[in-house]
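Student: All chains, full assembly: derive it from the sequences and hints.
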Amino acid sequence: MSVKTKLIFVALFGLVLVGCSSTEEQIDAAEVVDTAAEAGATALGVESKEGTIGEVLEDDETADAASEDAAEGQAGEDLLALRVIYFEYDSADITAESQAILEAHASNLIINPGIRLTLEGHADERGTREYNLALGERRAKSVSRVLQVLGVGEGTIQTVSYGEERPAALGHDDSAWGMNRRVELLYGN
Amino acid sequence: MWSRVLITVILLAVASPARAVLTIEINKGIEAGIPIAVVPFQWSGEGVQPANLREVISLDLNRSGRFESLPKRDFLSRPHSLTEIRFKDWRLLKAEALVIGKLRSIGPDQFEVRFRLIDVFKQKQMVGYVWKVSRSKLRSIGHKIADIIHKELTGLRGAFDTRIAYITVVKTPSQGLRYLLQIADSDGFNEKTMLDSNEPILSPSWSPDGRILAYVSFEGGRSTVWLQNIKSGKRAEIASFEGINSAPAWSPNGKKLAMTLSRDGNPEVYVMTILGKKLQRITRHTAIDTEPAWSPDGRYLVFTSDRGGKPQIYRVLASGGRPERITFQGKYNAGASYSPDGSQLVLVTNQGKGYRIAIYDFASRSIMELTRSQLDESPSFAPNGGMVLYATDSQNRGVLSAVSADGRVSNLLKFREGDVREPDWAPYNR
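Chains as they are written, first to last, in my numbering: chain W, 1 to 189; chain F, 1001 to 1430.
A portion of the hints provided could be inaccurate.
[Unchecked claim] The following residues of chain W were derived to be distant from chain F, with all beta-carbon distances above 10 Å: (1) E103; (2) V152; (3) A168.
[As the list claims (entries may be wrong)] A short, non-exhaustive set of chain F residues, derived as facing chain W with CB atoms under 8 Å: (4) L1227; (5) T1260; (6) K1277; (7) T1304; (8) P1311; (9) Q1351; (10) Y1355; (11) E1422.
No wet-lab data here; the hints were simulated from the structure. Idealized CB from N, CA, C, for every residue including glycine.
Tutor: Following this line, the structure appears as structure tokens:
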């Protein structure tokens, strides 16, 4: 299993737990995701999160921002554990809930300039594959635009669409379709 | 039996290592096709006959829905030459036409096939042919015979001696999903894998001469367009711009490919020359524009766009210009392609009852649904316009189905393994 695949899997698994379980498990899921993200970063030869922040701490402004971020506490970290943005049928609109998740990731990307983000757009199985490929791209670009408005550099973000080719959930019902209309946020270099 | 509205015939194909299709289920309406008697061919040679031509011909004729091949257990006699025919035997069965023939070994891997089509009422031969071929070509001769019978008795050439391309997705315990680009005869025999990939493949499209497949592969981590020679297997990436590269469609003269590229920010339809790779942008809109398809005369492109809010079909001059909206009926119309005579489109529609295959008729501007399930997609016309091949779902498996252009008869091709999808029916030339 490649590092990327592992990240997707862990991110999804983490999300399912966050989505439907108690607070105790939420923290666990967040830890699993963070550990995996670090392991992934190390394997890819990227500096670890701590290492990057340690270097930047010499800069006063960023240090303040970072400590402010830390002061915000658990909420921001929980949002960072959410790596999937979901959409309505045939839509690329960002919901208020998703906006909050993206704000957390935008802050994280701004304080970690070495990290890059791939936005992988997906669609549910209904309708033609080619139209869905275009729809997946529209969703990825919609997320990209929000992140850029929030101050993330264009060069930090890369988009790719898989259309309906890589469903997260199998099945032919509303719940599976809802899981599949998504953009996955994949950290890497 | 005739009182039932739908009749399902399950035909087991003969055992063959090259067989990809397990069964072909034929669903037809109460209206009967032309009754025809196909007599088993006389085999002269060593051992077992190398091909069951009667079976190939009968299955083809039944699949078309225009014929009913009579069961051989009712045959009172089994003639192989004109002089052996007793016409009253066939009038008794109400057979309108009779097929007789011989298969003879004439040398190492050389066979002679003789075939005659006879009008039972006029008591006259309509056509007769002789072929000399190798063993591997015998099934193809069976399809050719079915094509000739179809032409003689309906006026329309059959499309049995043609091929189809499709994608098979198989689950493997070790490697996860595998995506196979495959080609086979129109009845699923002689399957051949052109590409085996761990990444998705979609939208195979036959060149007009049937020698090259264009398709989309994700092997580089994103969608790019490839061309592959059927005979040599050689392949080349033809479009790998930034963003989406997809939905390849051959111009009727085979010199250009229409495709969807998002290199300028969002999906637009382009036309690329195959030699020189010169690009011309056809659409300019912030909406999704995709799934281009050429009119048979090469003048127009139809494509899917959601510029009106929902996906609908639009038409534009292939040289560029102002697109005009074609479909207005229903909340979803996409994936259109032209009938061989240019008078109709086949497309995926949602009229509120699920995603179904439908025919749009240019003259009446109406949409007629051909199928009745929920998740039908990827329709393409047979080269004679008589049938439409598409992908559907059967017991949670992706399968292929063919439906007559009037919606009267359909066949379900059940494959041995995997999810089968994205079919494209090849043109006549091969």
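Student: A separate judgement is required for each hint: does it hold in the structure or not?
Tutor: Here is what the structure says about each hint:
Remark: the non-interface label on E103(W) is consistent with the geometry, its nearest Cβ contact in chain F lying 25 Å away (cut-off 10 Å). Remark: the non-interface label on V152(W) is consistent with the geometry, its nearest Cβ contact in chain F lying 18 Å away (cut-off 10 Å). Here A168(W) stays apart from chain F, with its beta-carbon at least about 13 Å from theirs, past the 10 Å limit. The restraint placing L1227(F) at the interface with chain W is violated, with a minimum CB-CB distance near 18 Å, outside the 8 Å limit.
Because the smallest distance between the Cβ of T1260(F) and any Cβ of chain W comes to about 7 Å, under 8 Å, the interface hint for this residue holds. Here the hint on K1277(F) is broken, as its CB sits about 21 Å from the closest CB of chain W, past 8 Å. Taken as an interface hint, T1304(F) checks out: its beta carbon lies about 6 Å from the nearest beta carbon of chain W, inside 8 Å. A hinted interface residue such as P1311(F) counts as satisfied when its beta carbon comes closer than 8 Å to some beta carbon of chain W; here the least separation is about 6 Å, so the hint holds.
Residue-level restraint check for Q1351(F) is violated (minimum Cβ-Cβ distance to chain W is 14 Å; threshold 8 Å). Restraint check, Y1355(F) versus chain W: the minimum CB separation of about 6 Å is within 8 Å; hint holds. With a least beta-carbon distance of about 7 Å to chain W, the hint placing E1422(F) at the interface is held under the 8 Å criterion.
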